[in-house]
Each structure stands twice: as structure tokens, then as C-alpha cells.
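Could you build all of it, start to finish, from the sequences and the hints given here?
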Amino acid sequence: MWAFIHKFGSPKWFYAISARLEPWCWALAALALGVGTLWGLAVAPADYQQGESFRIIYVHVPAALLAQSIFVAMALSGLVFMVWKIKVADMAATVMAPFGAMMTFAALFSGAVWGIPTWGTWWEWDARLTSMLILLFLYLGVIALRGAFARRDSGARAASLLALVGVINIPIIKYSVEWWYTLHQSATFTLTSRPAMPASMWLPLLIMLVGFYSFFTALTLARTRSEIVKREGDKRWVRALVDKEL
Amino acid sequence: MTPKRKQRLFALLGIVVLAAIAVGLTLFALRANINLFFSPVQIAQGQAPLERQIRAGGLVKAGSVARDPQSLDVAFTVTDYVEEVEVAYSGILPDLFREGQGVVVVGELQSDGRIRADKVLARHDENYMPPEVAQALEEAGYSPADYQQKAEQVVKELEARAGFQPDEN
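Residue numbers (the UniProt record's numbering), protein chains in the order written: chain A, 1 to 246; chain B, 1 to 169.
Calculated directly from the structure, the hints in this document are not laboratory data. Just so you know, these numbers come straight off a predicted model, no measurement behind them. Treat the hints with care, since some could be wrong.
As the list claims (entries may be wrong) - Where chain B lies over chain A, by a calculated footprint (3+ residues, C-beta under 8 Å):
| no. | stretch |
| --- | --- |
| 1 | 13–25 |
| 2 | 77–90 |
| 3 | 109–120 |
| 4 | 164–173 |
| 5 | 176–190 |
Just so it is clear, CB atoms sit at the ideal spot from N, CA and C, and this is done for glycine as well.
Following this line, the structure appears as C-alpha cells:
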């Protein structure tokens with residue numbers, strides 16, 4: 001039943017399959033980001049209250065969503081690494097962390113830029129903003145903890161554990177706007193009801209989401225592959241691969 | 001799955017569950033402090049401290065905004081459709097400030113029940129629409145009617161919860 005984890009976790013197999021997937025992910029990312037940016041910034045109508053500044057949503061929402069998804073993906077990779085000792089899972093978790101931290105910063109920064117004209121303040125210690133800042137610190141903590149050990153295996157285990165425990169913050173971010181009174185508005189999009197936004201506005205957002213997620217997938221595949229070459233450099237198949245390239 | 005792996009899996013999940021319970025209890029204990037603002041109902045019930053900096057949030061009541069033509073002074077009423085609180089402010093209001101809009105005011109609650117605000121923040125709701133749609137909605141006579149409809153709905157919800165009785169004045 002669990003054999004697929006070991007098959008997918010074999011560095012050689014992962015290297016081969018991701019090499020085939022990667023160009024498609026890059027192509028989809030370039031297409032969706034290009035179309036979504038043009039559509040969102042130039043074609044979509046302005047908002048009746050916020051005017052043009054609402055267009056920050058096309059960067060802010062994908063960045064915030066991706067930041068949380070990456071953290072969950074990182075924690076799951078950590079769990080797989082800790083339980084099954086799959087090296088590829090740890091390599092993936094390693095390369096995901098910096099990009100996740102960048103997306104968290106992008107969400108916080110774009111939110112602050114939007115907050116000045118809309119709220120009249122760029123920062124307020126409300127539950128949503130604070131829990132998102134904690135997510136950034138958790139990312140930095142995971143990155144720092146991994147580097148703080150002389151033995152890579154110890155660092156990997158410490159970072160996985162922090163990611164796993166830190167995942168508790170994700171539902172807090174998600175539900176912060178419902179559990180407490182916050183300055184940040186509640187979700188415009190839910191799975192159960194129609195979006196509180198017309199299609200002319202959410203279609204480009206959906207395309208941007210596809211673009212952000214495929215960019216992340218392509219980047220993670222590429223960086224995991226280079227991590228495999230780096231860590232598995234003494235394996236025969238890696239040396240054969242490098243010799244062929246040179 | 002070997003017994004050793006199973007053991008590791010359950011140990012890790014146990015750590016996560018315990019940490020989640022700890023965080024959950026902490027947040028539950030701090031729940032009042034995590035709220036960014038007091039609602040007018042909470043202020044009416046005396047939950048907000050007097051003459052200390054607090055935040056109050058709600059919607060600007062339609063027709064309540066009174067500007068002083070000689071200065072930047074402005075007075076308005078913040079409502080949650082159940083209770084109301086009057087706010088006095090002197091300064092520049094954010095662009096999104098208007099009647100019916102959600103706001104958070106930072107200031108001190110006076111003993112007469114009014115709030116002297118130092119800062120007014122506009123709160124954006126989760127609804128987005130192009131200007132034409134908003135105009136069409138208004139022409140169809142939606143926004144003021146919506147106010148009343150929402151008010152009734154909120155009162156019903158509050159009554160259903162813990163037998164809350166709003167003032168009849």
C-alpha cells in the first residue's frame with residue numbers, strides 16, 4: 001500500500017519524471033501569468049469603492065494562498081521524511097521554504113500597500129495580519145533551524161518538526177477573520193456559496209492563481225532536481241548524468 | 001508500513017495534536033484580547049473600559065455623518081444594527097469612509113457613552129463589483145433597503161443566541 005511513496009521517493013525516478021513535467025509547468029506558468037496580469041491590470045473593471053487600487057488583489061490573493069499552501073506542502077514533506085526516511089521529501093521541503101517565505105512577504109507587502117488608501121493604515125495588529133506575520137517568522141525559523149546543525153540529518157529533522165507543528169497556524173490564518181473581529185475583510189471566495197465578485201473580476205484572479213501555482217511547481221521541481229545532483233553526487237547514475245552533460 | 005514507521009507516524013501526529021490543543025486553549029483564553037475592536041453591543045453592555053484607548057467597529061449609520069463646515073470636525077454614529085455609539089473625530093477621513101461603510105475607530109470612550117476618536121480606519125467588506133453594477137443596484141433601490149433587512153436579520157440572530165434582548169427605545 002505504501003510502496004508508491006518509496007517509488008516516488010527514489011531520487012533517480014523523481015529526477016526523470018520531474019524533468020519531463022517541468023517544461024509543461026513553466027509553459028503553463030508563463031501563459032497564465034502573462035494572460036492574468038494583462039487581464040487583471042488592464043481589462044478587468046475597477047471596483048466601485050476602491051477604484052484601481054483593488055487590482056492588488058491579483059497579486060495579493062495568489063501570494064497569500066500560495067504562502068499557506070507551501071507551508072502545508074513543506075510540513076507534509078517533513079512528515080514523509082520523518083516517518084519513511086525519504087530523502088527526496090526532505091530535499092523538496094528544503095527548496096520550498098525560501099519561496100514560501102517570499103510569498104508570505106509578498107502577501108504582507110502588497111496588503112500594506114493596499115491598506116494605506118483603503119483602510120487608512122498600512123499595519124494594524126489584527127488577527128489576520130498578525131497570524132500572517134507569524135507565518136513569515138515560522139518560515140524564517142524553519143530555514144534557520146535547518147542551517148543551525150552541523151549534521152544535515154539533524155537539521156532536516158528539526159526543521160521538519162517545526163514545520164509540522166507550525167502548520168497549526170494555517171487554520172488560524174484561514175479562520176482568523178471569522179473567529180475574531182478583524183480589520184481584514186472575510187473571504188470573498190468560499191467553496192459553498194457564489195463569489196461576492198462578478199466573473200469579469202474573478203476570472204483573471206483564477207488565471208493568476210493557476211499561474212502562481214504552476215510557477216511554484218516548476219520552480220520546486222527544478223530546484224529539487226539540482227538538490228538531488230548536489231546531495232547524491234557520489235551515486236553512479238548522477239555521475240553518469242553529469243559526465244554526459246559535460 | 002513497518003511497526004517502527006507506524007510508531008514514528010503516531011508519535012509525530014501526537015505532538016501536533018498536543019501542540020494544537022495548547023494553542024487552541026491559549027487562543028480561547030485570550031479570545032477577548034484578540035478581537036481588534038469592540039462592537040456597539042459590547043460597548044452598550046459595558047464591556048469596553050472608559051477613558052482608555054480602545055477600538056470600536058461597526059458600520060457608519062446612514063444619514064448620521066455631520067461635518068463642521070469651519071473645521072475638520074466630524075461626528076457620526078457607528079452601528080451594528082442592534083446598538084449604536086456616537087463618535088466625534090477631528091481629522092482627515094480615509095477615502096473609503098462613507099455612510100453604510102464598515103469602520104474601526106481608535107479612541108477613548110467617554111463617560112457619556114460617546115467615543116472621542118484619534119484615528120478612523122475604513123473597513124472593506126468582502127464584496128467587489130464594478131461601478132456600473134453598483135449604480136444599477138442603487139437605481140434598483142437596494143442599498144438602504146438592504147440596511148433594514150440586514151438589521152432585522154442580525155437582531156433575530158442575536159435573539160436566537162442566548163436570549164439577548166435589544167433595547168426598545
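Here is what the structure says about each hint:
| no. | hint | verdict |
| --- | --- | --- |
| 1 | 13–25 | violated (count 0) |
| 2 | 77–90 | holds (count 4) |
| 3 | 109–120 | holds (count 4) |
| 4 | 164–173 | holds (count 5) |
| 5 | 176–190 | holds (count 9) |
Hint compliance for this structure: hint 1 alone is broken.
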